[in-house]
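Peer 1: Here is what each chain is made of, one letter per residue.
There are 4 protein chains.
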Amino acid sequence: MKNDIKRIALLTGGGDCPGLNAVIRAITRTAILQYGYEVFGYKFGYRGLYNNDLTPLTLESVSGILHRGGTILYSSNKDNLFDYTVEENGIKVKRDVSDVGVENLKKAEIDALVVIGGDGTLTSARDFARKGVNVIGVPKTIDNDLACTDVTFGFNTAIDIATEGLDRLHTTAESHHRIMILEVMGRTAGWIALQSGIAGSADVILIPEIPYDINKIVEKVKEREKRGKLFSIIVVAEGAKPKNGDVVVQKIVEDSPDPIRLGGIGNKLAADLEKLIPTHEVRNTVLGHLQRGGNTCTYDRILSTRYGVKAVQLIAEGKFGNMVALKGNKITYASLENVIGKIKNVSVDDELIEVARKIGTSFGD
Amino acid sequence: MKNDIKRIALLTGGGDCPGLNAVIRAITRTAILQYGYEVFGYKFGYRGLYNNDLTPLTLESVSGILHRGGTILYSSNKDNLFDYTVEENGIKVKRDVSDVGVENLKKAEIDALVVIGGDGTLTSARDFARKGVNVIGVPKTIDNDLACTDVTFGFNTAIDIATEGLDRLHTTAESHHRIMILEVMGRTAGWIALQSGIAGSADVILIPEIPYDINKIVEKVKEREKRGKLFSIIVVAEGAKPKNGDVVVQKIVEDSPDPIRLGGIGNKLAADLEKLIPTHEVRNTVLGHLQRGGNTCTYDRILSTRYGVKAVQLIAEGKFGNMVALKGNKITYASLENVIGKIKNVSVDDELIEVARKIGTSFGD
Amino acid sequence: MKNDIKRIALLTGGGDCPGLNAVIRAITRTAILQYGYEVFGYKFGYRGLYNNDLTPLTLESVSGILHRGGTILYSSNKDNLFDYTVEENGIKVKRDVSDVGVENLKKAEIDALVVIGGDGTLTSARDFARKGVNVIGVPKTIDNDLACTDVTFGFNTAIDIATEGLDRLHTTAESHHRIMILEVMGRTAGWIALQSGIAGSADVILIPEIPYDINKIVEKVKEREKRGKLFSIIVVAEGAKPKNGDVVVQKIVEDSPDPIRLGGIGNKLAADLEKLIPTHEVRNTVLGHLQRGGNTCTYDRILSTRYGVKAVQLIAEGKFGNMVALKGNKITYASLENVIGKIKNVSVDDELIEVARKIGTSFGD
Amino acid sequence: MKNDIKRIALLTGGGDCPGLNAVIRAITRTAILQYGYEVFGYKFGYRGLYNNDLTPLTLESVSGILHRGGTILYSSNKDNLFDYTVEENGIKVKRDVSDVGVENLKKAEIDALVVIGGDGTLTSARDFARKGVNVIGVPKTIDNDLACTDVTFGFNTAIDIATEGLDRLHTTAESHHRIMILEVMGRTAGWIALQSGIAGSADVILIPEIPYDINKIVEKVKEREKRGKLFSIIVVAEGAKPKNGDVVVQKIVEDSPDPIRLGGIGNKLAADLEKLIPTHEVRNTVLGHLQRGGNTCTYDRILSTRYGVKAVQLIAEGKFGNMVALKGNKITYASLENVIGKIKNVSVDDELIEVARKIGTSFGD
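Protein chains in written order, with numbering that gives the first Met the number 0: chain A, 0 to 364; chain B, 0 to 364; chain C, 0 to 364; chain D, 0 to 364.
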């Protein structure tokens, strides 16, 4: 089987993430140096596969990119060839154009395709595998919420940046005796808030998996005051939600014509807390795009390199339809069929939750 | 004159700013080691002066704080003893309680007071000087917009952080061919946007001093596209404003029930640009409190130390009623009477404006 | 058993390491907040135990130390109460004074002792456990070479700094077409060189576990030259050694009156390579103490916190004589009897070695 | 005059320095966008001028380099066309081949040459100016010791790194009660040691301009001990020297067969202090190449950009034979005739020396 592979291609899909370039580099170097494959990249994810936008990847073209965030292959966020927007008679319609992708791979004599992306991108990867394409997946989410792998690259860079943000907010909180809130990524899973909250010494960590009671947060702030700590630091995942009965926040959401523009849960939380604790000023900062760009951290450079090398090994061994994965300390793989559509949430009895509680952190519950 | 001084006090007022602790340390060390003064700090700015909340400052208490943002003396943002909120018969009224401050200084036998703060804090400093208090001012603004000094501490730390933010946004902008906006501080003066924009390779810099025409920004983005640059980076000072005729933005502001919550000019700009350039996604990030906390940069540690040493020298020389200042490379001083109420704006023909224009940066005009 | 514990003490031994303060904080907070223990620290490691140099640890005294390198309890490198230097009749002699330690614990009514340190410090911990002291160990080595645990805190901070060092050397190497060497810690185990070498894009990684042949390094440099890469980056663990037949290096060592002063293997390597590749300048940089100080990285803050919490849980459960440990993603523990005297070396077929080889890295063999 | 210029070239000489790429970028962009010049670069400094190794510089080729250390044009350290090593009849001889350079400029129709370098590189620039070449100089030294300009780029990046190094050493010094030494660049001028020493809270700063007395350093360490500070931090410029009578150090130097290999003044200082203060361990770290690589700091990015823009303006105005310079806050220029062969040393009564002394820093004198 090994001997049949001559040319491989890769593409990156979904939001950018530190480590994408490190994966591209590791795949390209391993494929060329160890297996003598020719390597190509489709630009802009699946859109490039549809448009046959193919570029050769060489030792030279992947030189100097190990540490750089982003992706030299560019990415598109939403393009899905199984439900793709095309123009017919001047009207935009959705069509399954995946056969064009399959055809393009054949025409370009690509023997195997490495797809680097999150749940959406990997769903298409699985569907191409079902159509007989030799696909290998590489998992990418900053949120670290992909099933079947313990850690995805980009996540550790994100918590580094979020932790640095919390460090910065501490000096202002202390000087002014304020409540400072940092809103971080995590729509459905609270991993970034949880880990940066522990590392950044947050007093309160709010995550989607544990709906919060605003009164519990007020209690925590007041308990700190009694110990002479007149400031508090809160880290909140963008997907954190109040418990049902928590009318104060809900009212604000209802009043708003455009809740997304209001800047998310952090702003609502700030407004609520200022009402309930009038003695304190409260400020929210939305970390936003700062947590997904810039240089890739040490951990993610190594993990991405391991993923890239493993992806080529799976190709050489003909183990298609799989995604590379990290289990404990070991690089392994899992079937794409098992990965898709599952979210790896923070369990309410996760060891890190317990650790945070033991050192006195509140989850607002 | 020198021999009369035995005890000095200092206080910090206004928003926190990297370098405050470095000033406190330099004053304390110089006063104790060179002049044998006793040193005290009023906590929470002028409020501490009113409440006689005085703490001794020693070599030990200022040890290890040189690099730390914030202020170990705490700060209050708004307290002004010449217009202070007090309760009389259960009702809050505004009163001039500055005599209490003068009295407290006398009772504590404080021979000179060093006031570290921005325009508001220094206005009171001047007013205390007029009442005969031996006052020395130390200028503090992150925005660098204080008159009579070339640079204030905190500013260089802020542009370091803003520049790092722009670096981070670059990788995402490139990978997704987006327009990325970073909104930085600067309500009336655009120094942070200007300098971080040059250092962070912004394509467009928007500052309060140069009202922008949204169509010029669109032109710039399209001109870049022609050269194959499918992304653009914009840095915008929070006080930047469109030219009068710029209806698109104004409409958004009118429509909004709560313009402050909309997150400022960056969000408006993003909304406008998405309408005018539908082919591009546009994202805004508000740097916010991240740019005023954390560790103090090298430049600000040195400048703050120079200011602190000079402040004590002025006390020793009896040159009260002055503010320490930087002119070119030299530490000097200026009368508080000349400092107050003036804003040091970016001149439209400032050398840095010209430099930015020459390398192709647009100011949206 | 749980109810018997009222007072616990901790001490830190051996070289300082980022994360020590995070462990101290987590132990103190967990012990006070969850179990109501009183907490004390012996200053300067075992010397403090001998001298009864005991200080209370409170929520206040461990506040603000999570991110700071070093140890607020101070450390001593060599003191071992089972072989302690004391003066008798004016002469320094070595004595077993461990009974004094046991006695001091009893007098201070310390019910359990947490010992944070490396192999040497934990050897004494085991010996105190054998004498019936309720001991819990927490593993600490920057080199990550301690048995029975996958990762020790401090290690990830060290590889962050080493990787940043390699990033820095790249720009100089490229500009001048030089061979740049970075010498990092690792006397017997090459983990730091291996991981920072992968993350920092080193062309050659030299570790104690794989003796190098200088001619293979020359080959690698020349192979790069053929591809137009006129510079090379080498990371070398301080304990790396040439193969037996490698006379060039040995000769230099013989010639030298004081090999330690010569600055270690990096300098020898530079001298050898300059002789063998006269067309290239070669420069060595010794990272030294820079890799063990400063702020603790995100990963180490979290790991240290988990270790600290687990240590107190083991006390509460009466599981003495054990060391907390990380296995895969799980915090667990191992008997101190099994930990001591073993070094966790890099296996020559470690996955990371294989990964590095696959992307083209040379180990000089 | 302006209209005569059509093509300009630039070259970088001497050791690499953060900011070189920023200068190259600013020159290229300004020349193309503002003046419509064609821009070229000679690779490897003057060697490229001799070999006619010319590459076009375009908006594209200078894209993305603003923040990167090093030089995309490469540099050679020693090549001087006025005293150049050539082979004649198989023998290497030194010859004045500057006419070849002049001829190559003519053949390539280069109307003006921008030379970016330090004292050596600019000496040749002056000599080419004397031969009628249209030369503009841009000053580059990490040491900041070039005459006629207040600040050179690279210097502020270097002091950032040195300051961070001192921050790191603090935690180890404190934990172990050690004397930690950081040896930084500065063979004849002590600017890096002076400024990083103030910013990094060094207790002792040793610079070439102030010969030190080892006993004064011992005094300082002991004075700190009395105040309960059992550690000390020393920053030493590589060119620092003991006073004549300081036999201890001299003896070590005499004993050594190879003083350069001994690692410089920091190692000698460590050896001396360990002898004189046997109660303290002393450790030296040589910052070395770490202080000249990596990313360019904010300040240097801006300064380099200003220098680059000014260099093109001088070309447009026909003001050849000059070097761009910073005076106070203003970009200006100075005749190359006045720059060469002078070193800008730290004056013993420099304000920064006085500032450091006032806060209690010792200069060992």
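The set of hints was computed from the structure by calculation and includes no laboratory data.
We put the beta carbon where it would ideally sit given N, CA and C, even for glycine.
Check before you lean on any hint, since a few could be wrong.
To be verified - Each pair of labels, with its calculated beta carbon distance range:
#, chain 1, residue 1, chain 2, residue 2, range
1, A, Arg186, B, Thr278, 24 to 30 Å
2, A, Thr278, B, Lys105, 45 to 51 Å
3, D, Asp95, B, Glu222, 54 to 60 Å
4, B, Lys274, C, Gly63, 44 to 50 Å
5, C, Gly359, A, Lys93, 40 to 46 Å
Claimed, not checked - Selected chain C positions facing chain A (in silico; Cβ < 7 Å):
#, residue
6, Leu53
7, Val99
8, Ile301
Peer 1: Are the hints correct? Go through all of them and say.
Peer 2: Hint check:
no. : hint                             : result
1   : A:Arg186 to B:Thr278: 24 to 30 Å : 26 Å, holds
2   : A:Thr278 to B:Lys105: 45 to 51 Å : 31 Å, violated
3   : D:Asp95 to B:Glu222: 54 to 60 Å  : 48 Å, violated
4   : B:Lys274 to C:Gly63: 44 to 50 Å  : 47 Å, holds
5   : C:Gly359 to A:Lys93: 40 to 46 Å  : 44 Å, holds
6   : Leu53                            : 23 Å, violated
7   : Val99                            : 33 Å, violated
8   : Ile301                           : 5 Å, holds
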